[in-house]
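Visitor: Under the numbering used here, the residues of the sequence shown are numbered 44 to 429, in order.
Wrong hints could be hidden among the right ones.
Within a straight-line C-alpha distance of at most 16 Å, the following computed EDC-like cross-link-like pairs (lysine to aspartate or glutamate) qualify [unchecked claim]: (1) 191 <-> 290; (2) 341 <-> 299; (3) 198 <-> 290; (4) 171 <-> 246.
Calculated directly from the structure, the hints in this document are not laboratory data.
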Amino acid sequence: MEKIQKKSHSFRIGNYINYIVITIALISFIILDNAGFLGRSDLNLLSRIGYSIVLAVSLNLVVGFLGELSLGHAGFMCVGAYIGCYFANSFHEIIGNQIITFVISLILGGLVSAVFGFIIGLPALRLKGDYLAIVTLAFGEIVRNLFKNLPYFGKAMGMQTDAIALERDTMYISSFIIILVVLFLIQNLIKSKHGRAITAIRDNEIAAKAMGINITYYKLFVFTFAAFFAGVAGVMYGHQISPITQETFSYNYSIEILVMVVLGGMGSITGSIVAATVITYINFVLQNELSGELAALKLLIYAIILIIVVIFNNAPKLKPIKEKCNIKYLFARIFNHHKKPEKINDDAAEWNRIESKINMDAILSMEIDVKSNTAFTPDKSEKGDK
Numbered sequence: 044m045e046k047i048q049k050k051s052h053s054f055r056i057g058n059y060i061n062y063i064v065i066t067i068a069l070i071s072f073i074i075l076d077n078a079g080f081l082g083r084s085d086l087n088l089l090s091r092i093g094y095s096i097v098l099a100v101s102l103n104l105v106v107g108f109l110g111e112l113s114l115g116h117a118g119f120m121c122v123g124a125y126i127g128c129y130f131a132n133s134f135h136e137i138i139g140n141q142i143i144t145f146v147i148s149l150i151l152g153g154l155v156s157a158v159f160g161f162i163i164g165l166p167a168l169r170l171k172g173d174y175l176a177i178v179t180l181a182f183g184e185i186v187r188n189l190f191k192n193l194p195y196f197g198k199a200m201g202m203q204t205d206a207i208a209l210e211r212d213t214m215y216i217s218s219f220i221i222i223l224v225v226l227f228l229i230q231n232l233i234k235s236k237h238g239r240a241i242t243a244i245r246d247n248e249i250a251a252k253a254m255g256i257n258i259t260y261y262k263l264f265v266f267t268f269a270a271f272f273a274g275v276a277g278v279m280y281g282h283q284i285s286p287i288t289q290e291t292f293s294y295n296y297s298i299e300i301l302v303m304v305v306l307g308g309m310g311s312i313t314g315s316i317v318a319a320t321v322i323t324y325i326n327f328v329l330q331n332e333l334s335g336e337l338a339a340l341k342l343l344i345y346a347i348i349l350i351i352v353v354i355f356n357n358a359p360k361l362k363p364i365k366e367k368c369n370i371k372y373l374f375a376r377i378f379n380h381h382k383k384p385e386k387i388n389d390d391a392a393e394w395n396r397i398e399s400k401i402n403m404d405a406i407l408s409m410e411i412d413v414k415s416n417t418a419f420t421p422d423k424s425e426k427g428d429k
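Sequences are here, hints too, so could you generate the full structure?
Guide: Put into structure tokens, the structure is as follows:
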């Protein structure tokens, strides 16, 4: 048993692939930036990819692992962007340090979004399916129209964030560091006993409740936890884009985040990272390349690309190709992680060690003749039985 326990705690490269890839990417981009190979548009793209990954991974926690459909993620992002950046605008001169102001605004924007997530989730999570989606969608529309009409946040003109905007190289480095923190928190949550309870609710809510899992608590916790990271992504967006306008956080953006989750795979953190990167890159390229009359083709080309990706993910004949392109598969081949585990021969509960009246080896080798056509003969009843 000691060997079994040691085996379960051994190092597995698959558990750290996301951290390794993000870290290698960050180091590579820093080297390329210092060498002068990255332009201003490239650095902006990296920052956009950063908050898109945070949004996709956090929504996957609700949709993929909990199994609830939410269309209000852009609304929580809107709350975080406005509240966090309003704080940064008001106190950046008092604090004096731009990085400290950014970190405090991240925490504040995330906490306020989490409070909104708790308030909305408390009654809304009693609903299921389409009804929950409609309620969260209504929340997102109400929130962005509320900020649109408040004078403190610039009304329809939006809120200026030029004074608190970080340098482009600082912004993308901060974005990748935030991604690592978010991955650490969410992946450890999923692999804990609380994560197993969350996935149990997704698989069968009635069975999970029968096993003593507090359904309401875990649903509300996941919804609030995901809303916190959506608020963090909003603050990241506000420190890059100026002005912050409510049109950005529309229903279409919530759908775009949901598309990232669905294309990457429900319940797949790695898939959400890849899908968020690809979709953000496609949008960025189409936005820059198509201008004037060709701008109308952006949505058409975007839709065609999404259809091709969906077909690639779901076509049975393409499954072998998809598996070979899997990041975990490639890393497993590099580190020889596909080798079969060594057989453990110290298990006292093996079937061939348990005493039995019939030799199990004889049964498996068919030395005992089992006659299937033998007629059944009941035992003779004792005297007095009817």
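Visitor: Hinted pair, alpha-carbon criterion (16 Å max): residue 198, residue 290. Please report holds or violated.
Guide: Judged against 16 Å, a Cα distance of about 12 Å means the pair holds.
Visitor: Given the proposed pairing of residue 191 with residue 290, does the C-alpha separation stay at or below 16 Å?
Guide: The hint holds at about 9 Å.
Visitor: Check whether the Cα positions of residue 341 and residue 299 lie no farther apart than 16 Å.
Guide: Distance of about 14 Å is within 16 Å: holds.
Visitor: Does residue 246 lie within 16 Å of residue 171 when you go C-alpha to C-alpha?
Guide: Holds, because 14 Å separates the two Cα atoms, which is no more than 16 Å.
In this structure, every one of the numbered hints holds.
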